[in-house]
Every structure is written in structure tokens, then in C-alpha cells.
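Please put together the full structure from these sequences, using the hints given.
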Amino acid sequence: MLWLIASTIIAAVMATGMIFVRLRAAKQPASVKKIILPPFFMSTGALMFVFPMFRVQWSQVLEALMIGVIFSVFLIRTSKFEVRDGEIYLKPSKAFIFILFGLLILRVVFKIIIGQHVSFGETSGMFFLLAFGMIITWRLAMLRQYLHLEKNIEPKKDLA
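Quick note: to get the numbering used here, add 43 to the position in the sequence shown (first position is 1).
Treat each hint with caution, since some may be false.
[What the hints assert, rightly or not] Lysine to any residue pairs mimicking SDA-like chemistry, simulated, CA-CA at most 20 Å apart:
no., residue 1, residue 2
1, K77, L147
2, K70, G60
3, K77, I119
4, K137, S122
5, K134, L186
6, K77, L192
7, K70, L192
8, K70, V126
9, K123, L45
10, K70, L146
11, K77, L186
12, K134, G60
13, K70, K134
14, K137, S86
15, K76, S86
16, K70, E193
17, K137, F63
18, K134, L183
19, K77, L183
20, K76, L192
21, K123, L146
22, K134, T121
Source of the hints: derived by calculation from the structure; they are not laboratory data.
So, in C-alpha cells, the structure goes:
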């Protein structure tokens with residue numbers, strides 16, 4: 044139970060951090076690098092599977108990834124870009140905050156239910172995979188939208 048509480052607090056802090064990052068990102072132009080780096084950095088978390096306590100069965104891997112893909116739909120729907128002054132910016136969305144905390148609550152409920160039948164290590168591995176499936180799908184959708192917009196904007200004219 045202590046691990047559940049600690050991991051929930053950590054997840055809430057991370058969700059709050061994501062909101063601040065998202066708000067700050069809306070003030071700066073987006074780029075391919077800013078879109079693809081977060082999942083790349085998160086992928087290092089897969090090193091947890093080096094330790095046997097975190098390993099899960101292939102069926103659990105597929106389940107977790109699929110739920111992550113389903114959850115990503117909510118993030119994809121609230122992540123829209125706009126062109127301002129010839130540059131692409133992420134549009135701030137008020138719904139993003141509610142969706143992020145809604146997903147956090149769903150994850151906690153799932154963790155409580157699954158945690159009764161699956162060990163803490165396996166549950167941690169599954170929820171890492173869920174989050175990874177969610178961020179990969181979300182960021183790929185963002186990248187696609189960004190590249191489509193980038194292709195259609197007119198290049199800036201030199202003032203010189």
C-alpha cells in the first residue's frame with residue numbers, strides 16, 4: 044500500500060510538471076526536436092526490465108501498450124498547432140489539464156485493481172509501458188500534424 048501511495052504522489056507531481064511544461068511550450072515555437080525528444084528520453088526507462096521484478100509477460104506488454112494507445116486519443120485531440128508569424132506554435136488547451144488529471148485518476152484506479160492481482164514490480168512495468176504507448180502515439184500524431192503544417196507555411200522572407 045505504501046508503494047501505491049508513493050507512486051501515486053510521484054505520478055501527480057509528474058502530471059503537474061507536464062501541465063507547466065505544456066503551458067511554457069505554447070509560448071515558444073514548436074520544432075521536430077521538441078516533439079520527438081520526450082519519448083526518446085522516456086525510452087531509457089525501459090532499462091527497468093533488466094531487473095526480473097519488473098518483467099511482464101508478452102500478453103501484458105500488448106495490453107499495456109494498447110491501453111496507452113487508447114488513452115493517447117484524449118491527448119491527441121487536445122494537441123493542436125497554429126501558425127503565428129510564419130512559425131508553428133502549440134495551441135494552449137484548457138481541456139488538456141482536465142484530461143491529464145483524468146488520465147491520472149484512471150491510472151490510479153487501474154493500479155489499485157491490478158495491484159491486487161499482480162506484483163508491484165509487474166504493475167510498475169505495465170504502467171511504464173502504458174505511459175510509453177501513450178506518449179509515443181501522442182507524439183507521432185503531433186509530429187505528423189507539425190510536418191503537415193510546416194510543409195504548407197510560406198518560408199519567411201529575409202528583411203535584408
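Violated hints, by number in ascending order, as checked against the structure:
1, 9, 10 and 14
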